[in-house]
Amino acid sequence: MVAHQHLSIPQFEGLVREHQVSLRVFVRALGVDEAWVDDLAQEAFLVAYRRLDSYENGTDFGKWLRTIARNLVANERRKSARRSRLLPSAVADVLLTQDSDTDFVSSTLDELVPALRECVKQLPARSQDLLQRRYTAGGNAAAIARELRLTADSVRQSLLRIRLAVKKCIESKTGTVRV
Amino acid sequence: MNPTRYEELLGRLLDGELSEAEAEELARGIGETSALREDLRQHLLLWELLSQEQAPERSADAFVNAWKTRHEIEGEPAEAFSQAVGKQLRGQSLTQGVVHAFRVVLGHPLRLSAAASLLLVALFTAFWLSTPRSAQGITTISGEAVCTACLLHESKKHEPAIRVREGAEARIYHLDRTPVVSGLQMYFCTGPRLAIAKGKARTAQGQLLFDAASLTLPDVDNTQKSPPKTP
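For the record, the sequence lines run as chains A and B. Each residue of the first sequence is one higher than the last, beginning at 38 in the numbering used here. Each residue of the second sequence is one higher than the last, beginning at 3 in the numbering used here.
Note that these hints are calculated values from the structure, not bench results. Computed from a prediction, not measured in an experiment: that's the story for all the values here. Note that CB positions come from ideal geometry on N, CA and C, so glycine has one too. It is possible that some hints are incorrect.
What follows is a set of in silico ranges between Cβ atoms, one per label pair, in the way DEER data are often shown [to be verified]:
no., chain 1, residue 1, chain 2, residue 2, range
1, B, Glu55, A, Asn112, 26 to 34 angstroms
2, A, Gly212, B, Glu168, 45 to 53 angstroms
3, A, Arg186, B, Gly208, 35 to 43 angstroms
4, B, Glu168, A, Asn112, 18 to 26 angstroms
25 angstroms max Cα-Cα, derived BS3-like pairs, lysine-lysine [as the list claims (entries may be wrong)]:
no., chain 1, residue 1, chain 2, residue 2
5, B, Lys159, A, Lys116
6, A, Lys205, A, Lys158
7, B, Lys202, B, Lys159
8, B, Lys70, B, Lys200
9, B, Lys158, A, Lys116
10, B, Lys70, A, Lys100
11, A, Lys158, A, Lys210
12, A, Lys204, A, Lys158
13, B, Lys200, B, Lys159
With the hints as constraints, model all of the structure from the sequences given.
Here it is, written out as structure tokens:
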């Protein structure tokens, strides 16, 4: 087994692949704006690669990564709102400071992902279409409303109802979503 | 905070439409009630997962490739540079070298005058190269494809740009809307990703502008674009 401190780029790439989902959801749950999640998570991996010599072999690599990411997010708070990659500062403050734990979900993600897929599949076609427009095409409520000739408010309401229904469905399959 | 109001604010937050006042209100709610805080975290997690599942530009491959690109752009040149400089300086301290050079140059008035002329030429050349202008020829820039709205948050209008990092600083080249760039905006919105553009740089109203004659986004297939050839 190769010690993490001596990893080549292709070897480290394996770790990026292994941990990218859990790191990205962790970063998002800390209050990072959705448009900046990947940017910040990539930065955490870049920092991790540069500081591999400070990683203690045999310890939880995911937790070490999350600590780096958490510090990066905390640094974001020092930036002006215009340059910040976080959600509105008041909300981000609460998410960052109150019970945000680096002992996080990675194990439960294995359970969550299939449940999420299953619950989305069970939605009516129209709801699946809305989710697709929101998350595949990246449209906001106003843009989706224009495409479907609806009001932005009705799209927001529908998206909210769908989200609540999907979360309830997931909880019925997996128990509480642990964050 | 009552559940209906919380859900209303939650929806607005998840759609990126929460105002500052609403954010304050939501922050108070989740700050006071741990169950709401937990619920918000769960929603952020779930919809982030769905976004990763559904958006092709957020797939594992896309993420890993983007990371490798950033590593190449941000990491290796700096390391290579420091290694190269390190080699040159090994065995001779920088101070010793500079003192020796001054002794040699200042030892003769003609040498001093020649050195001053060379210095002026070097300064002018450095200034010329560091300031893009329309009089300059075709140049190639390599950096990250970014959107001025969704990634840089500089403007409301989505405009393509290339961010070129130089140490801790970054230059933003705003791309002209030429045929070469058209149709590729989605790749700028879903970046940052490696971009190589060939064309002319200029400045206007304090902004760096770039008229791309060709544009390549190596991690996206079939994006190399050049203007259509005239028969």
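For each hint, the structure was consulted:
1. B:Glu55 <-> A:Asn112: 26 to 34 angstroms: Because 29 angstroms falls inside the window, the suggested range holds.
2. A:Gly212 <-> B:Glu168: 45 to 53 angstroms: holds (50 angstroms)
3. A:Arg186 <-> B:Gly208: 35 to 43 angstroms: This hint holds: roughly 41 angstroms between Cβ atoms.
4. B:Glu168 <-> A:Asn112: 18 to 26 angstroms: At 21 angstroms between Cβs, range holds.
5. B:Lys159 <-> A:Lys116: With a Cα-Cα distance of about 23 angstroms, the restraint between lysine 159 (chain B) and lysine 116 (chain A) holds, given a limit of 25 angstroms.
6. A:Lys205 <-> A:Lys158: Holds, at roughly 14 angstroms.
7. B:Lys202 <-> B:Lys159: holds (23 angstroms)
8. B:Lys70 <-> B:Lys200: holds (22 angstroms)
9. B:Lys158 <-> A:Lys116: holds (20 angstroms)
10. B:Lys70 <-> A:Lys100: Holds, at roughly 22 angstroms.
11. A:Lys158 <-> A:Lys210: Holds. Lysine 158 (chain A) to lysine 210 (chain A) sits at ~14 angstroms (cutoff 25 angstroms).
12. A:Lys204 <-> A:Lys158: It holds: about 13 angstroms lies between the C-alpha atoms, which stays within 25 angstroms.
13. B:Lys200 <-> B:Lys159: It holds: about 24 angstroms lies between the C-alpha atoms, which stays within 25 angstroms.
Hint compliance for this structure: every hint is met.
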